[in-house]
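These protein sequence lines map, in sequence, to chains A and B.
If you count the first sequence from 1, position 147 lands on 330 in our numbering, and the numbers rise without skipping.
If you count the second sequence from 1, position 18 lands on 201 in our numbering, and the numbers rise without skipping.
Since the hints were made in silico from the structure, they are not lab data.
Bear in mind that the values here come from a model prediction, so they are computed numbers and not experimental data.
No false leads were slipped in.
Repeated chains share a single entry, so a pair holds when one copy, or any two copies, can fit it.
30 Å max Cα-Cα, derived DSS-like pairs, lysine-lysine: (1) K393 - K295; (2) K214 - K327; (3) K419 - K214; (4) K309 - K214; (5) K295 - K327; (6) K309 - K327; (7) K419 - K274; (8) K419 - K375; (9) K214 - K274; (10) K375 - K546; (11) K274 - K309.
There are 2 protein chains.
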Amino acid sequence: MGIVVQKYGGSSVADANGIKRVAQRIVNTRKAGHDVVVVVSAMGDTTDELRDLAEQVTPLPPPRELDMLLTAGERMSMALVAMAIAQLGHKAQSFTGSQAGVITDSAHGRAKIIDITPGRIEAAIKDGAIAIVAGFQGVSQDTKDVTTLGRGASDTTAVALAAALGADVCEIYSDVDGVFTADPRIVPAARKLDRLSTEEMLEMAASGAKILHLRCVEYARRYNMPVHVRSSFSQKEGTWIIPDAQGAQMEQAIIAGVAHDRSEAKITVVGVPDKVGEAARIFEALATTEANLDMIVQNVSAAATGRTDISFTLPRADGQTAMTALARIQDEVGYEQLLYNDQVGKVSLIGAGMRSHPGITAKFFASLAAAGVNIEMISTSEIRISVIVADAQVDEAVRATHSAFDLDAEEVEAVVYGGTGR
Amino acid sequence: MGIVVQKYGGSSVADANGIKRVAQRIVNTRKAGHDVVVVVSAMGDTTDELRDLAEQVTPLPPPRELDMLLTAGERMSMALVAMAIAQLGHKAQSFTGSQAGVITDSAHGRAKIIDITPGRIEAAIKDGAIAIVAGFQGVSQDTKDVTTLGRGASDTTAVALAAALGADVCEIYSDVDGVFTADPRIVPAARKLDRLSTEEMLEMAASGAKILHLRCVEYARRYNMPVHVRSSFSQKEGTWIIPDAQGAQMEQAIIAGVAHDRSEAKITVVGVPDKVGEAARIFEALATTEANLDMIVQNVSAAATGRTDISFTLPRADGQTAMTALARIQDEVGYEQLLYNDQVGKVSLIGAGMRSHPGITAKFFASLAAAGVNIEMISTSEIRISVIVADAQVDEAVRATHSAFDLDAEEVEAVVYGGTGR
Chain A
184 MGIVVQKYGG SSVADANGIK RVAQRIVNTR KAGHDVVVVV SAMGDTTDEL RDLAEQVTPL
244 PPPRELDMLL TAGERMSMAL VAMAIAQLGH KAQSFTGSQA GVITDSAHGR AKIIDITPGR
304 IEAAIKDGAI AIVAGFQGVS QDTKDVTTLG RGASDTTAVA LAAALGADVC EIYSDVDGVF
364 TADPRIVPAA RKLDRLSTEE MLEMAASGAK ILHLRCVEYA RRYNMPVHVR SSFSQKEGTW
424 IIPDAQGAQM EQAIIAGVAH DRSEAKITVV GVPDKVGEAA RIFEALATTE ANLDMIVQNV
484 SAAATGRTDI SFTLPRADGQ TAMTALARIQ DEVGYEQLLY NDQVGKVSLI GAGMRSHPGI
544 TAKFFASLAA AGVNIEMIST SEIRISVIVA DAQVDEAVRA THSAFDLDAE EVEAVVYGGT
604 GR
Chain B
184 MGIVVQKYGG SSVADANGIK RVAQRIVNTR KAGHDVVVVV SAMGDTTDEL RDLAEQVTPL
244 PPPRELDMLL TAGERMSMAL VAMAIAQLGH KAQSFTGSQA GVITDSAHGR AKIIDITPGR
304 IEAAIKDGAI AIVAGFQGVS QDTKDVTTLG RGASDTTAVA LAAALGADVC EIYSDVDGVF
364 TADPRIVPAA RKLDRLSTEE MLEMAASGAK ILHLRCVEYA RRYNMPVHVR SSFSQKEGTW
424 IIPDAQGAQM EQAIIAGVAH DRSEAKITVV GVPDKVGEAA RIFEALATTE ANLDMIVQNV
484 SAAATGRTDI SFTLPRADGQ TAMTALARIQ DEVGYEQLLY NDQVGKVSLI GAGMRSHPGI
544 TAKFFASLAA AGVNIEMIST SEIRISVIVA DAQVDEAVRA THSAFDLDAE EVEAVVYGGT
604 GR
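Work the whole structure out from these sequences, hints included.
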């Protein structure tokens, strides 16, 4: 049988008992005849604790040194998991990102994987060992320095490694049973999805579903790697994320689920002169801040004034920087006013089936209207409709939409849902 | 000016404040015009905590994985020290043992340094940076696996690196002011020594003085590296350990100090037939246990019985294994009985000057006799006399000897003495 890559999040390896439980699961997979490669996150809150320690020393840690510090987290968990497997009588070897051949660029704290050269992992497998690999980290191609891939990127390590090894499947374990039609904390009747296309998962992740990291899904899509999202606390099947090529053959539900996101703020540039090049100047100014813009909406300009409003959303953390950059070009652009609102949330309806089903948008908006939810911005892709609403109305909007599209389960499952454990 | 290598022990970098204090000291050295390379231990009790964590997972952690786990400790402290230096406006880069070019054999947990190839450190210095290097760790030449050099070996890393870099001096910082004529906890009148020859320090370390690791002194001696042992909590000069070649020119005190050691046990093989090859068989059996034998004494055999007794000391931790190995060969060797005693201690008188001063041994034994201390075993080197006495009489023996050789200070210094901080 082929290679199975399993990724265990921080909540799954939070303490010695968790580590032993995970080791047993790994050994069971091995006994079933698979070659197993395991990617682990740091134990519990270790990464946050290390960040705190850095903050106690300096408010501005040099990124290279912060990466050196943070990578100690996976180093501990991977060695302990390897020990626990040895205790069960199986051969295991742990590998840092660098040893596993995870080659990245030099952007400390948010490095991108350039290549994976898993020679040592393949040798370990060939030698009959289970390979345990540190997630979240790599080594820079140019300077041979230790890098980290950014928060939650252990999922990305797992999928990228699975692709490089030609694995059959990449299993992502956390404390959640799988991907749900909506956040069960908001919609108790949310159902676990048995399968999803990577395209749908991509939209879910981009729309705020925290179960999988966006980059990880992009990797899965690019390399056609099936991903199985499941809980390390139960034996239940989770959610299969099936590559689009394979997904095309399966019968698709119209709507996969409802996602929401409270991490963004909305900025409106009011009264922008409706001239060629004005929008470009605004977004050039924003580009220098490296803020990650999400939805961008420009209304048709009112003929009477010759002016238009441009709105966009971005992570709240980037709000202040963006506002400063825009204020600096007010005279040059000649806009009238800047509005900042971080009391907003995004609600998204996602489903590959909506391509061929007209009327979805109308039904979505009607359900929001019936719930008394006002829509502030709209943006759509082929398989997603997102709206910005008031923060206080997000929960209601998610519930109303979930019901309107018949996603509610008949019986409410008892679900564990407490963060993603990454 | 040349390169100064500074080594800071775990107690010096136990928390954020300690790290900031150490960073200030490093920067001061840099400002004085030196190129600085720093070797750090893990923070406070981190290494022990990691060992505990491993024990919670398995009673028998695979050595390769234990090394992977433990090396996380220096990774944290070195990154934090680098951050703290950056915060003071100076350039700093941290390096793992592997990155620093500390090449070892593959004996996990007690690896020996084979070579040091400090190319990256030299490049960092050339670049104007302060290099921070993880102590205690290296990378194996054959398997490229992460290794550790054994408990307290950060001192060894520092001296070996200082030698490889051609440094002017290796400064070893801990929470102790320097090397004392005896342990101040036992002899309040003990004096800090201003200088010692490496030969004397070697005997002191081998005789239980915990201030410097034996291997580190061996390195210093082999590479003629001056070592300055001092406290990171004060600005006072500490003790200079001067290479023998240079030390030969200096006027030597007859006695450098009195060391003691309570870590050993004594085993006596009673009634060994006095035939050629019997002792060899006994010590071959002991060799297989890898126990580190210290003093070995064989009395002249009593003509009447044709039998002799062989006694030796070894670390208490190795006692059980050695006894088992000896019991196994009783029939083969034909000895009568095995005696085990771990209620013993070793007291050693050390001084390069004793070479040319007869009568030291007599005075030593007389002082012990006057204090009512019974001598169980004796062993000597050119510059050391060691005796095994009852554990309960060690303190009294040290005090009596210290006084007899006029080592007592006229005024008792207020000394900090609480372990070696490694």
